[in-house]
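Residue numbers (the numbering used here), protein chains in the order written: chain A, 1 to 572; chain P, 1 to 318; chain G, 1 to 290.
Heads up, a few of these hints could be off.
[Unchecked claim] Calculated lysine to aspartate or glutamate pairs in the EDC-like style (CA-CA distance at most 20 Å, straight line):
(1) G/Lys2 / G/Glu35
(2) P/Lys239 / P/Asp167
(3) P/Lys75 / A/Asp324
(4) A/Lys239 / P/Asp77
(5) A/Lys111 / P/Asp77
(6) P/Lys298 / G/Asp37
(7) P/Lys129 / A/Glu92
(8) A/Lys271 / A/Glu471
(9) A/Lys282 / A/Asp535
(10) P/Lys140 / A/Glu569
(11) P/Lys141 / G/Glu95
(12) P/Lys141 / A/Asp108
(13) A/Lys184 / A/Glu2
(14) A/Lys184 / A/Asp535
(15) P/Lys129 / A/Asp535
(16) A/Lys176 / A/Glu427
(17) A/Lys533 / A/Glu569
(18) A/Lys146 / P/Asp186
It is worth saying that the hints were derived from the structure and are not from the lab.
Being a predicted model, the structure only gives us computed values, none of them experimental.
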Amino acid sequence: MEQYDVLVVGSGGAGQRAALEAARRDGLRVALITKIFPTRSATAMAQGGVNAALNNVAKEDSTEVHTFDTVKGSDYLGDQDAIEFFCQRCPEGVLEMDFMGTPFSRTDEGKIAQRNFGGQSYPRTCYSADKTGHVILHTTYEQCLKEGVHFLQEWYLLDIVVKDGKAGGAIIWNMKKGKVEIIKAKSIVLSTGGAGRVFWTRTTNPFLSTGDGMAVAFRAGVGLKDMEMIQFHPTGLGKTGILMSEAVRGEGGYLLNVEGERFMKKYAPNKMELASRDVVAKAIEDEIAAGRGFNGTGLDAYVVADLRHLGPEVIIEKLHGIRDLALCFEHCDPLTDPVPIRPTCHYIMGGIDVVDYKTCATEIPGIFASGEASCISIHGANRLGGNSLADGVVFGKVSGAGAADYAQASTFADCDAELQAKAEEWEAKFVEVTSRTSGRPVAEIRDELAVAMWNKVGIFRNEAGITEALEVIERLTKEYETCYVGDSNRTYNMAFVNYVEIKSMLTVAKAIALGALNRKESRGAHVREEFPKRDDSQYLKHTIWKLGANGEYEMSERDVVFTKYEPQERKY
Amino acid sequence: MRQITYHIHRFNEGRAYVQSYTFDYEADRTILWGLQKIKDTLDPTLTFVAACRSAVCGACSVKVNGQAMLGCEAKIDEITERFGSDEITVAPIGNFDVIRDLVVDWEAKVSRLKEVAPWIFVKPEFTTKTGTRQTAADFKKFVMNTECILCGCCASECNKLSANREDFLDPYVYTKANRFVMDSRDVSPMAHTTPAFNHGLWKCVHCMNCITRCPKHLKPEKDISNLRRVATEAGLSNKGTRHAIAFKQDLLKTGRLNEVTMSLKTDGLLDSAKQGLYALRLWKHGKINPFELVVPHKPVNGIEGVRTIGRAVEEAGK
Amino acid sequence: MKYGFFPGCVLEGASKEDYLATVAVAKKLGIEIQELDGWTCCGASHVQDIDPLLTLSTNARNIALAEKEGLDILTVCNTCTLMLREAKKELDEHEVTRQKVNNILGEAGMNYKGTSEVTHFLWVLIREYGLDNLKAKVTRPLTGLRVAEYYGCHILRPEEEMGFEDMQIPTSLADLITALGATPIDFSRKLDCCGFHAVYPAHDSVMQMTGSINADAQKEGADCVVTPCPLCQMQLDMFQKEAKATVPMNGDMPIIHMSQLIGLALGCTPAEMGMTDRHLASTASLNRFL
Numbered sequence: 001m002e003q004y005d006v007l008v009v010g011s012g013g014a015g016q017r018a019a020l021e022a023a024r025r026d027g028l029r030v031a032l033i034t035k036i037f038p039t040r041s042a043t044a045m046a047q048g049g050v051n052a053a054l055n056n057v058a059k060e061d062s063t064e065v066h067t068f069d070t071v072k073g074s075d076y077l078g079d080q081d082a083i084e085f086f087c088q089r090c091p092e093g094v095l096e097m098d099f100m101g102t103p104f105s106r107t108d109e110g111k112i113a114q115r116n117f118g119g120q121s122y123p124r125t126c127y128s129a130d131k132t133g134h135v136i137l138h139t140t141y142e143q144c145l146k147e148g149v150h151f152l153q154e155w156y157l158l159d160i161v162v163k164d165g166k167a168g169g170a171i172i173w174n175m176k177k178g179k180v181e182i183i184k185a186k187s188i189v190l191s192t193g194g195a196g197r198v199f200w201t202r203t204t205n206p207f208l209s210t211g212d213g214m215a216v217a218f219r220a221g222v223g224l225k226d227m228e229m230i231q232f233h234p235t236g237l238g239k240t241g242i243l244m245s246e247a248v249r250g251e252g253g254y255l256l257n258v259e260g261e262r263f264m265k266k267y268a269p270n271k272m273e274l275a276s277r278d279v280v281a282k283a284i285e286d287e288i289a290a291g292r293g294f295n296g297t298g299l300d301a302y303v304v305a306d307l308r309h310l311g312p313e314v315i316i317e318k319l320h321g322i323r324d325l326a327l328c329f330e331h332c333d334p335l336t337d338p339v340p341i342r343p344t345c346h347y348i349m350g351g352i353d354v355v356d357y358k359t360c361a362t363e364i365p366g367i368f369a370s371g372e373a374s375c376i377s378i379h380g381a382n383r384l385g386g387n388s389l390a391d392g393v394v395f396g397k398v399s400g401a402g403a404a405d406y407a408q409a410s411t412f413a414d415c416d417a418e419l420q421a422k423a424e425e426w427e428a429k430f431v432e433v434t435s436r437t438s439g440r441p442v443a444e445i446r447d448e449l450a451v452a453m454w455n456k457v458g459i460f461r462n463e464a465g466i467t468e469a470l471e472v473i474e475r476l477t478k479e480y481e482t483c484y485v486g487d488s489n490r491t492y493n494m495a496f497v498n499y500v501e502i503k504s505m506l507t508v509a510k511a512i513a514l515g516a517l518n519r520k521e522s523r524g525a526h527v528r529e530e531f532p533k534r535d536d537s538q539y540l541k542h543t544i545w546k547l548g549a550n551g552e553y554e555m556s557e558r559d560v561v562f563t564k565y566e567p568q569e570r571k572y
Numbered sequence: 001m002r003q004i005t006y007h008i009h010r011f012n013e014g015r016a017y018v019q020s021y022t023f024d025y026e027a028d029r030t031i032l033w034g035l036q037k038i039k040d041t042l043d044p045t046l047t048f049v050a051a052c053r054s055a056v057c058g059a060c061s062v063k064v065n066g067q068a069m070l071g072c073e074a075k076i077d078e079i080t081e082r083f084g085s086d087e088i089t090v091a092p093i094g095n096f097d098v099i100r101d102l103v104v105d106w107e108a109k110v111s112r113l114k115e116v117a118p119w120i121f122v123k124p125e126f127t128t129k130t131g132t133r134q135t136a137a138d139f140k141k142f143v144m145n146t147e148c149i150l151c152g153c154c155a156s157e158c159n160k161l162s163a164n165r166e167d168f169l170d171p172y173v174y175t176k177a178n179r180f181v182m183d184s185r186d187v188s189p190m191a192h193t194t195p196a197f198n199h200g201l202w203k204c205v206h207c208m209n210c211i212t213r214c215p216k217h218l219k220p221e222k223d224i225s226n227l228r229r230v231a232t233e234a235g236l237s238n239k240g241t242r243h244a245i246a247f248k249q250d251l252l253k254t255g256r257l258n259e260v261t262m263s264l265k266t267d268g269l270l271d272s273a274k275q276g277l278y279a280l281r282l283w284k285h286g287k288i289n290p291f292e293l294v295v296p297h298k299p300v301n302g303i304e305g306v307r308t309i310g311r312a313v314e315e316a317g318k
Numbered sequence: 001m002k003y004g005f006f007p008g009c010v011l012e013g014a015s016k017e018d019y020l021a022t023v024a025v026a027k028k029l030g031i032e033i034q035e036l037d038g039w040t041c042c043g044a045s046h047v048q049d050i051d052p053l054l055t056l057s058t059n060a061r062n063i064a065l066a067e068k069e070g071l072d073i074l075t076v077c078n079t080c081t082l083m084l085r086e087a088k089k090e091l092d093e094h095e096v097t098r099q100k101v102n103n104i105l106g107e108a109g110m111n112y113k114g115t116s117e118v119t120h121f122l123w124v125l126i127r128e129y130g131l132d133n134l135k136a137k138v139t140r141p142l143t144g145l146r147v148a149e150y151y152g153c154h155i156l157r158p159e160e161e162m163g164f165e166d167m168q169i170p171t172s173l174a175d176l177i178t179a180l181g182a183t184p185i186d187f188s189r190k191l192d193c194c195g196f197h198a199v200y201p202a203h204d205s206v207m208q209m210t211g212s213i214n215a216d217a218q219k220e221g222a223d224c225v226v227t228p229c230p231l232c233q234m235q236l237d238m239f240q241k242e243a244k245a246t247v248p249m250n251g252d253m254p255i256i257h258m259s260q261l262i263g264l265a266l267g268c269t270p271a272e273m274g275m276t277d278r279h280l281a282s283t284a285s286l287n288r289f290l
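Can you make the complete structure from the sequences, with help from the hints?
If you want it as structure tokens, here you go:
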């Protein structure tokens, strides 16, 4: 049994920023666990940029405008006090990254360059060519190495133990050794990322994004909030779903249907391609459904992003990573050919219910959450591009500070027996599930879940479909109880890790479907075909799902926090 | 039906063996797709790691037919065409300890990375409140190096590491060091250069495998070269430095190298004397001519022009 | 067929045998090689470490010497080829650099234009001369001679500068060996580095590398190792005895340059190519194939 004051779970931008913050406190023992080498996280995949009203390019910009853009982008489901707090801290967060060595692209004055991004009033998105997430992640890693953050890598979170209503510690699978480990901790920060893999291949997310932290928090008694709010990025590559950055639109690329028409003029006549992500994603799907896409109307259909008019200089200088992706994964060169694109699941706005944005605390003392795993909620029903890296940078730090403050003011829970019991339970489970010789293979359950989620709880949703998806989830959850893992080795048993991940995905998928079923309106990324309008009279509130005493999902609601922005219809 | 066979170098709990898997061919698929297909449908015990599947995270590097590459980027179509076979060998990347099958131990590499202080020593005029300033031109000087994704491909076939890992760092470590040396915002290039110098900087054999393996088209060998220049200009000297300086001196003196004085300048008189017997053998076989010590080479035609160029280069450097 | 010959420093000293062999072979094949007057050291993969601009400028001068004669440059050394091609690529692709270097050359009354190519003898034989034509000139097929095809590094890597053939599955040496009637021996270390460029600072590792190559060639039953590079040849030959202490092996493994191998097949005597006295690892065992 190891003992740390602060345990951070997850090595993405938020997790490492949290660990860095906590590690800078004197006298605190801090560890960060991650199921893979720290720089492999989803943050590395973020291309376009990080938002902060630095006014390096647009003098008129301000944190107030950033706040309004974010509120509006969230389709008024974001908590306005949290959003204000967030936008005010973005400049500081970005400048700190710059100070720590992040290589940002530069303006003529040598300041951080900023570009246009969807849904924003001014060029506000700070960037490093088209690999902003990668450089931010590597910078945080460098700084964590400098500060001597204790990484326990290839340590995979299994469960959190709560004693007397507060965090006690974590049960962890040591992947390299193939054994259950116990870490006793005063505070635990869950920065475990998203859950896009519930759609398996139709997502931009890495294989890692399986909702582990959300599922663990849920089992520990923390709520999952606004889980139906899932962003579909409008410009995934046609064949693979791999992300092509918003920079494609930001730098002036056109979206064309099979007739060669810039169809966004019908959906967002002013902003055109720069309308917010949900508007663009819906427009593409509408075009495809109306037969104006390429390659039919099925799952293989697509529209194209045309960059040719931008010229080789812009494409090679500013979008060369995107060009590489298109060349490598789509076999086409943006210099000479339009690139096939189609929406793809990109981000989950919902997540672990954070009840105090100033500390990233959850309802259970000692459990904190940040990054995509969390729902604070600043993204509401739709996240603006460039706000997720900013979220990681800002709330990563906040959660690290919150967890450190809490740890400094509290004592270890007296829960050795509970930790031991839980560890033994997992050890027994490992032996039992890996020694099974029959059952449905884990991969089959994963694939069937993905098909049901994409078809029934994807971009367009309706009651009948969601209900069917829930039935599939119930059946798969039963099949999971006897599923076939197929590898009983101890060392680096990825089959066992995948087995636990599927459980996380089933857990999260159910919350997503229940949330989607409950919200009988269309708001932001959530589109109910029977209820095409936003319904502010009933749904200006968060829905929270918690694990009930009998194992059922129990719903509660919380009003959205308003400060000064009254709901308006969103037009771009 | 066309089929693809992977011969996978497996390793588990002390046992190393090759296992072959055959599956149906599909167009436009990657090496990683094949691994996932095997794990999903043929053998759940096959172990590998992958994350982004879009060549930005560096997790899935493997050796394909002897050459390190990212599994998510390597196309089955291209590999089979290039090597003229539907049988593909997949092995863990080299110069890493293997944990299981295709999974290698990165944790052991972190302490090596830390040696060169892979973080910025930011200039004192910058603060967390103001951030930093940098011209677009200065940004361009090092930004390429920040594209390193720590995939390990450059280390996999590094001949120096294969010969001895202890006294040499992985190529990406030098790339990381040079990233900070070249960053105009870093106040202390020597904080990165000196540890690199002390840990193998001059031991690179220029085999160029790092350059050919990097999926991001970085050039670790060039980074090593630049660090050597910086170290030399700062007065750090060892056999490698002296050897290079001797070449330069010969180039400007006669235009061509003098093999006899080369050894003296590199090894010093004592070491050279120790190699006296060896030198005698070389002399016997006509490999060296000790008389060149007293009667140096005749300078090449146009040596004055070469020296003029040397002076102009020095001027240009000022 | 005429080239501006760039022998490189070692062909004047330690590897005079390769100079003799190359000149003899070129004559027999009717390839005119005119040594560039006033050529200087290519930097040998060393000078660029301490003075990249000097290396670039002097190699620009070397290439300009060939331009003045209206000839492409022919080399017989992997490293010379790489250094010169690297300089040429840099100068041809970057206008600003070219101007800067031409300003420097201008001081010495010279100018780089980019009109001469840089190539290696091996490539010329395959792409320009033709192996069939070479085969037709063979007077003494080396039947039964088992030749380990050792490429070394710089004739293949970096691919961006070299790019004559696939760096992972090259065939040029095997094709050449076959054309001469000998049997190419593929061995696992044929693409490995001999270690030459770090023999002083990384002595122990280099002995490991050198020894492994020689021992592996022997294990595969090779009668000799052939290389397109005098530096590899020197390394594998001159340090062979010493390397045996690190990687044991029986007897001598003859290490010969491709020019020497061609010379043998074209009827040159070992003596006229320096093979009787200038090799540390005896090549006498090859005489039975002549």
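These are the hints, each one checked on the structure:
{"no.": "1", "hint": "G/Lys2 / G/Glu35", "result": "holds, 11 Å"}
{"no.": "2", "hint": "P/Lys239 / P/Asp167", "result": "holds, 15 Å"}
{"no.": "3", "hint": "P/Lys75 / A/Asp324", "result": "holds, 14 Å"}
{"no.": "4", "hint": "A/Lys239 / P/Asp77", "result": "holds, 16 Å"}
{"no.": "5", "hint": "A/Lys111 / P/Asp77", "result": "violated, 45 Å"}
{"no.": "6", "hint": "P/Lys298 / G/Asp37", "result": "holds, 13 Å"}
{"no.": "7", "hint": "P/Lys129 / A/Glu92", "result": "holds, 6 Å"}
{"no.": "8", "hint": "A/Lys271 / A/Glu471", "result": "violated, 40 Å"}
{"no.": "9", "hint": "A/Lys282 / A/Asp535", "result": "holds, 19 Å"}
{"no.": "10", "hint": "P/Lys140 / A/Glu569", "result": "violated, 44 Å"}
{"no.": "11", "hint": "P/Lys141 / G/Glu95", "result": "holds, 17 Å"}
{"no.": "12", "hint": "P/Lys141 / A/Asp108", "result": "holds, 16 Å"}
{"no.": "13", "hint": "A/Lys184 / A/Glu2", "result": "holds, 6 Å"}
{"no.": "14", "hint": "A/Lys184 / A/Asp535", "result": "violated, 45 Å"}
{"no.": "15", "hint": "P/Lys129 / A/Asp535", "result": "violated, 42 Å"}
{"no.": "16", "hint": "A/Lys176 / A/Glu427", "result": "holds, 15 Å"}
{"no.": "17", "hint": "A/Lys533 / A/Glu569", "result": "holds, 10 Å"}
{"no.": "18", "hint": "A/Lys146 / P/Asp186", "result": "holds, 15 Å"}
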